[in-house]
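S.K.: Chain by chain, the residues:
2 protein chains.
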Amino acid sequence: MSPSRGPFRGSSDYQVPQAVVSRLSLYLRELQRLLRDGHETTSSTQLGRLLGFTDAQVRKDLAYFGQFGYPGIGYRCGELVTAIKRILGTDQAWPVALVGAGNLGRALIGYRGFQQQGFRIVAAFDADASKVGSDFEGIPVYGIEELAAIVTRFGIRLAILSVPGTAAQEVAEQLVAAGLKGILNFAPVTLNLPEDVRIVSVDLAIELEQLTFAVVNRLENG
Amino acid sequence: MSPSRGPFRGSSDYQVPQAVVSRLSLYLRELQRLLRDGHETTSSTQLGRLLGFTDAQVRKDLAYFGQFGYPGIGYRCGELVTAIKRILGTDQAWPVALVGAGNLGRALIGYRGFQQQGFRIVAAFDADASKVGSDFEGIPVYGIEELAAIVTRFGIRLAILSVPGTAAQEVAEQLVAAGLKGILNFAPVTLNLPEDVRIVSVDLAIELEQLTFAVVNRLENG
Numbered sequence: 001m002s003p004s005r006g007p008f009r010g011s012s013d014y015q016v017p018q019a020v021v022s023r024l025s026l027y028l029r030e031l032q033r034l035l036r037d038g039h040e041t042t043s044s045t046q047l048g049r050l051l052g053f054t055d056a057q058v059r060k061d062l063a064y065f066g067q068f069g070y071p072g073i074g075y076r077c078g079e080l081v082t083a084i085k086r087i088l089g090t091d092q093a094w095p096v097a098l099v100g101a102g103n104l105g106r107a108l109i110g111y112r113g114f115q116q117q118g119f120r121i122v123a124a125f126d127a128d129a130s131k132v133g134s135d136f137e138g139i140p141v142y143g144i145e146e147l148a149a150i151v152t153r154f155g156i157r158l159a160i161l162s163v164p165g166t167a168a169q170e171v172a173e174q175l176v177a178a179g180l181k182g183i184l185n186f187a188p189v190t191l192n193l194p195e196d197v198r199i200v201s202v203d204l205a206i207e208l209e210q211l212t213f214a215v216v217n218r219l220e221n222g
Numbered sequence: 223m224s225p226s227r228g229p230f231r232g233s234s235d236y237q238v239p240q241a242v243v244s245r246l247s248l249y250l251r252e253l254q255r256l257l258r259d260g261h262e263t264t265s266s267t268q269l270g271r272l273l274g275f276t277d278a279q280v281r282k283d284l285a286y287f288g289q290f291g292y293p294g295i296g297y298r299c300g301e302l303v304t305a306i307k308r309i310l311g312t313d314q315a316w317p318v319a320l321v322g323a324g325n326l327g328r329a330l331i332g333y334r335g336f337q338q339q340g341f342r343i344v345a346a347f348d349a350d351a352s353k354v355g356s357d358f359e360g361i362p363v364y365g366i367e368e369l370a371a372i373v374t375r376f377g378i379r380l381a382i383l384s385v386p387g388t389a390a391q392e393v394a395e396q397l398v399a400a401g402l403k404g405i406l407n408f409a410p411v412t413l414n415l416p417e418d419v420r421i422v423s424v425d426l427a428i429e430l431e432q433l434t435f436a437v438v439n440r441l442e443n444g
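Going down the list, the sequences are from chains A and B. Per the working numbering, the first sequence runs over residues 1 to 222. Per the working numbering, the second sequence runs over residues 223 to 444.
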């Protein structure tokens, strides 16, 4: 077990529930949108309505991290954006390694949603020698044996893993050996890695299953 | 308001929470994996441990949909897989339209996780005339004006929207006009559509933010 000194974990084993952290991202997106639309303040009621949560849920989620509202005003959008980005760690820029420069990997290099939130893919890696030395949208492709050197050079802590399922575990172990601390896994396999490496697995079929459930059961948005 | 006759909504306005439906997909994946590994039965404790939930959470989630366990046995994996697929609606094959055949769209055409769960992209659409008439991995690309005809021909109810943000609202309205009932939205914008059309928006930066939160706060998997 590694030491637990995060401000939101504290001295006990208490952790903020994963679902709350996910919702922080949703609050952040709505606040950024409100700001773009010229709103300076908002309320738990408005934020909740935009996202389909109760106002009590919004207040309870934010209360894990501090006191952000002002009596008679509500939340100041800009201030809450800054606070949430600090909590999520995206008040700093994150250089990211992309491992596996196939179709999906190349699409992710061009995915604008990452850049909008401060993530910058700075290097791609691929086992295919014919890709090594080329670049995609300005991102150079390296051989996997250069991983450790590039990770150190750019101070990379996060990787996006978009290799085929058969290669995923082996490549993930190389990522860990190179010192990476977080892996966004698009390969359709479960990775077995040391406990201090955080893995988030993306399974896009889950999202489609939410749609089929809604269509079969004729649910509505909202 | 459209009529609500889904078996899991009933006569009142009661709905199964979205988070429970998401977890059904996770249970399904673990059960499919257990089956592949030769396990015939499992328990709420084992399922919970695999996913990091309590056994009580697993039992409560499944209880929304019926009684699936056997005293002294637990859950029969194959039977529970069948039941969950029926609940999610994936006991039938779903033909899917992919709209926007750029890098991301083409990566999604090749994404094997969809096929594994019964989703089959049968047609792609793009505004770029130079792509129309070609195909990607055997999937033909049509002009957007052919949408309604193709949707009818294949009985398509779901679409994956992978067009640029600036085009997303207009194209989404065309999807609705063509009779589609569910949209998986990869464009980084909020779509405003009729209530009876279900939208699930994919924001991959949210997943990266879960990683940065964990890395900044030194959380562990588990």
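For the record, the hints were derived by calculation from the structure and aren't laboratory data. Among the hints, erroneous ones may be present.
With a cut-off of at most 30 Å between alpha-carbon atoms, the simulated DSSO-like pairs for lysine-lysine come out as follows [said to hold, decoys possible]:
hint : chain 1 : residue 1 : chain 2 : residue 2
1    : A       : Lys60     : B       : Lys307
2    : A       : Lys131    : B       : Lys307
3    : B       : Lys282    : B       : Lys307
4    : A       : Lys131    : A       : Lys60
5    : A       : Lys85     : A       : Lys60
6    : B       : Lys282    : B       : Lys353
S.K.: Each hint needs a verdict: does it hold in this structure or not?
M.R.: These are the hints, each one checked on the structure:
| no. | hint | verdict |
| --- | --- | --- |
| 1 | Lys60/A x Lys307/B | violated (34 Å) |
| 2 | Lys131/A x Lys307/B | violated (40 Å) |
| 3 | Lys282/B x Lys307/B | holds (18 Å) |
| 4 | Lys131/A x Lys60/A | violated (49 Å) |
| 5 | Lys85/A x Lys60/A | holds (18 Å) |
| 6 | Lys282/B x Lys353/B | violated (49 Å) |
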